[in-house]
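For this one, chain A is given, so just place chain B on it according to the hints.
There are 2 protein chains.
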Amino acid sequence: MLNPADSAFVARLADSLPAGTLREAEPRYLEEPRGRWQGQAGAVALPRSTAEVAEIVRQCHAARVGVLPYGGGTGLVGGQIMSDGPAPIIVSLERMAGLRAIYPAENVAVVEAGMILATAQDEAAKLGRIFPLSLASEGTARIGGVLSTNAGGVNVLRYGNARDLCLGIEAVLPDGSIFNGLKRLRKDNTGYDLRHLLIGAEGTLGIITAAALRLYPAPASTATALLAVPDPAAALALLELAEGRAAGMISAFELINRAGPEFLAEHMPEVPLPLSPLPDWMVLVELALPAGFEAAEPVMAGILEAAMEAGLVADGVIAASQAQRAGLWRVRESIPLANRKVGAVSSHDISLPLSEVPAFIPRADAALAALGDFRINCFGHLGDGNLHYNVFPAAGRTKADYLPLREAVKALVHDTVHDMGGSVSAEHGLGRLKVGDLERYGDPAKLAAMRAIKAALDPHGIMNPGAVLR
Amino acid sequence: MLNPADSAFVARLADSLPAGTLREAEPRYLEEPRGRWQGQAGAVALPRSTAEVAEIVRQCHAARVGVLPYGGGTGLVGGQIMSDGPAPIIVSLERMAGLRAIYPAENVAVVEAGMILATAQDEAAKLGRIFPLSLASEGTARIGGVLSTNAGGVNVLRYGNARDLCLGIEAVLPDGSIFNGLKRLRKDNTGYDLRHLLIGAEGTLGIITAAALRLYPAPASTATALLAVPDPAAALALLELAEGRAAGMISAFELINRAGPEFLAEHMPEVPLPLSPLPDWMVLVELALPAGFEAAEPVMAGILEAAMEAGLVADGVIAASQAQRAGLWRVRESIPLANRKVGAVSSHDISLPLSEVPAFIPRADAALAALGDFRINCFGHLGDGNLHYNVFPAAGRTKADYLPLREAVKALVHDTVHDMGGSVSAEHGLGRLKVGDLERYGDPAKLAAMRAIKAALDPHGIMNPGAVLR
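If you're matching them up, the sequences are chains A and B in order. Each residue of the first sequence is one higher than the one before, counting from 1 in this note's numbering. Each residue of the second sequence is one higher than the one before, counting from 471 in this note's numbering.
With the rest of the complex left out, here is chain A (with noise of 0.2 Å):
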């Protein structure tokens, strides 16, 4: 078992670091975005360098402590938070937020952990480069933690996961030992990736510290449209309509339903809505085309004209300027704020295979009516199969009158899910908070694996304690 990190030790490894590097972690360390937890009082490591890091863990490790590691706090999963079990040391890499290089040739930017992913995107801007990953909280989470959650967001469809924008890893192993694989390769086939292991593995194998990211050229043009869909068998009809005339040139494809422009009004309608009458079903797709080719806008048009023809589209609005471009977006970035204003009865962060929503949506919705009164709102990636279905109260309720019902809810949902070949973490990763869902949903041999390998690599089990298994 482990040994909280009482005074004594914190005093021990505080003296073995530049004078500083531990401290009594503030309030906003013990704290997440939903409210859920509240972690315990204790010391926070700010290390300024690998070596520090190697060496908090080490000591960590000697002393069988737990090591908390923290990026930018915005994990929404509880993995940054430790409200029981012997008290841990925080690590936060906020210190440890530099560029160490960049190659425009090669389209790489090795960066520190702690950089805040906002940062990565301005400084491959700097270049003409983009680096794709982007996500509602980009302006606060740290590269570590998009790595460590192997984040997802809305350039998925085009560019990929966290895991796929990353070329190597620097990371701090259980142990305290360095592994140096900041690679800027393509391709490397020498033996198991490690990369790919600790990213996702949410700070339960180890600690990133420093990482080689993608970067790709800057789009010249886009093109953004917003399209009523009569459905969401539709919506993929026109995905796949769309993919046909763009592969690899779609950078964007959500789905809206008409329950989160209903929530802007009632509780933003400061955000203009550009389709009247609202449509039950709504898909924002981009476009973004580099600079051989002639503008996003007529290739937009031509899938519009086309998905008219097919019926897959009864309405829609391309943009023809970069304001009208950032309201079509101003929609979709603030339905997940106006649900919050609603209080949701429970979130779920799914992913299906992509022919089964269009058979998912209405199952789980007959489901849910049998429970209670509920008001739905499905939005969220379709072009990746990831779907936010959240369920809120009737209209006039309150989310406290649905408390005793929110297990049910979420099991229903969860099992609807897993019936159908998906996923109950498709972006946000387990934490502490989906633990019991891998235990319940995932497969058997991977469970095994996963102890075997996390006893393996972490025998004291001092990396994360209780994210992820048990």
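If you're looking for bench data, these hints aren't it; they were derived computationally from the structure. Certain hints may be false.
[Said to hold, decoys possible] Computed Cβ-Cβ distance ranges for the label pairs, DEER-style:
hint	chain 1	residue 1	chain 2	residue 2	range
1	B	596	A	221	29 to 39 Å
2	B	775	A	421	46 to 56 Å
3	B	750	A	126	33 to 43 Å
4	A	95	B	503	44 to 54 Å
5	B	521	A	127	45 to 55 Å
6	B	918	A	127	30 to 40 Å
[Unchecked claim] These stretches of chain B come out as covered by chain A in the derived footprint (C-beta under 8 Å, 3 or more residues):
hint	segment
7	754-764
8	891-897
Yeah, the Cβ is synthetic: ideal placement off N, Cα and C, and Gly gets one too.
Chain B in isolation, oriented as in the chain A frame:
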């Protein structure tokens, strides 16, 4: 230690499986393309189902008998041949070659691991899709093998390596348990990514029995050009220029050194060379566009014009017909055949950070010139930083003359690659050939973690003994 698969064990195993599952291994299972290794006489198992694979592995695990997974037998590093040690059971998946399901709307095909790569390509083509993995041995290599070695080939620049083309796998783990990870999901963050651990593990952590493969819409128009460049630095500048104009549309960017066409002229004069006089360096570039765009040829012409203006390209030809396109590819694809006729002193499948390529080539050339009189054919997938830097005898001499220098040549090339941040196995894997290279060049923390993972998942070391790790 392992026990040999003696006649008593083979008889017992045969009894528990359908008649005809086990038989004496024919010579084809005991040979490999480069003729360096010769397998031991013994038994081959030819299971028809995942359950039968599991039963074989379970019994081998219990009896501590080695298991040698066998795909198409095309590996170049001896991963499929055990020439010494206790005789293993060879497990060939050739009877498990079926298409389980195909989902055109999802761009996914679920195939058994024994399917030949070209068959997977054909199955996709029937539905207007492509499975973009493409390599010289595609008519013989099988899906399980290309995944286990994370194969590369000519389309990696656009579509990624084998691992990037696989959404999920089913595999038998070393204890005989079945990992049901055959997901068709673009996003799934539920624990450690076993798929990425088994892909590239070269059969040392289990046997992949089926895979969910990513398909893509077939391109509607293609443009192929062979362009003469002054040197590799210009080739890289051309790549940057081409990506600025057509990022995401470049499906091949292959470097050709004049030695390649010279070898063709000597040994395969039936292959015509399209550029005269023969340049020192050439690049084969291919663009492939979806249906929503005008033809690819004007985009290629724009790249060529800009590159000529910038002094990056001195001469070039854009294929004006499918026959011309095939002629350009024939040059590229015949080079390995000509190489074999010349007979290499030492061949190297290396990768480098892209911007190190121009410095690497003259540095390695100069170091080799100090060692002896060689001809060097340096060609390959420049867009991926992956070169086949192959060293040949001087004109009029044979590889036998150079046998005493072979190890020194290899060490010199690999030392130089390692020193410049590259990899000594870009796309072929380690097999048995490069086990020593991993020990010499591999990161010590990575090696320790690999050994710990291997011991945790395969405590008796039955899976592909002696490959990857000693």
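Hints versus structure:
1. Judged by the Cβ atoms, the range 29 to 39 Å given for residue 596(B) and residue 221(A) holds: they are separated by roughly 35 Å.
2. At roughly 49 Å, the beta-carbon separation of residue 775(B) and residue 421(A) lies within the given 46 to 56 Å, and the hint holds.
3. Look at residue 750(B) against residue 126(A): about 35 Å separates their beta carbons, and that is inside 33 to 43 Å.
4. Here the CB-CB span from residue 95(A) to residue 503(B) is close to 52 Å, well matched to the stated 44 to 54 Å.
5. For the pair residue 521(B) and residue 127(A), the beta carbons lie near 54 Å from each other, so the given range of 45 to 55 Å is met.
6. Here the CB-CB span from residue 918(B) to residue 127(A) is close to 37 Å, well matched to the stated 30 to 40 Å.
7. A count of 5 residues in the segment 754-764 of chain B with a Cβ less than 8 Å from any Cβ of chain A is obtained; the coverage claim is therefore met, three being the minimum.
8. Counting residues of the segment 891-897 of chain B whose C-beta lies closer than 8 Å to any C-beta of chain A gives 7; at least three are required, and the coverage claim holds.
The structure shown violates none of the earlier numbered hints.
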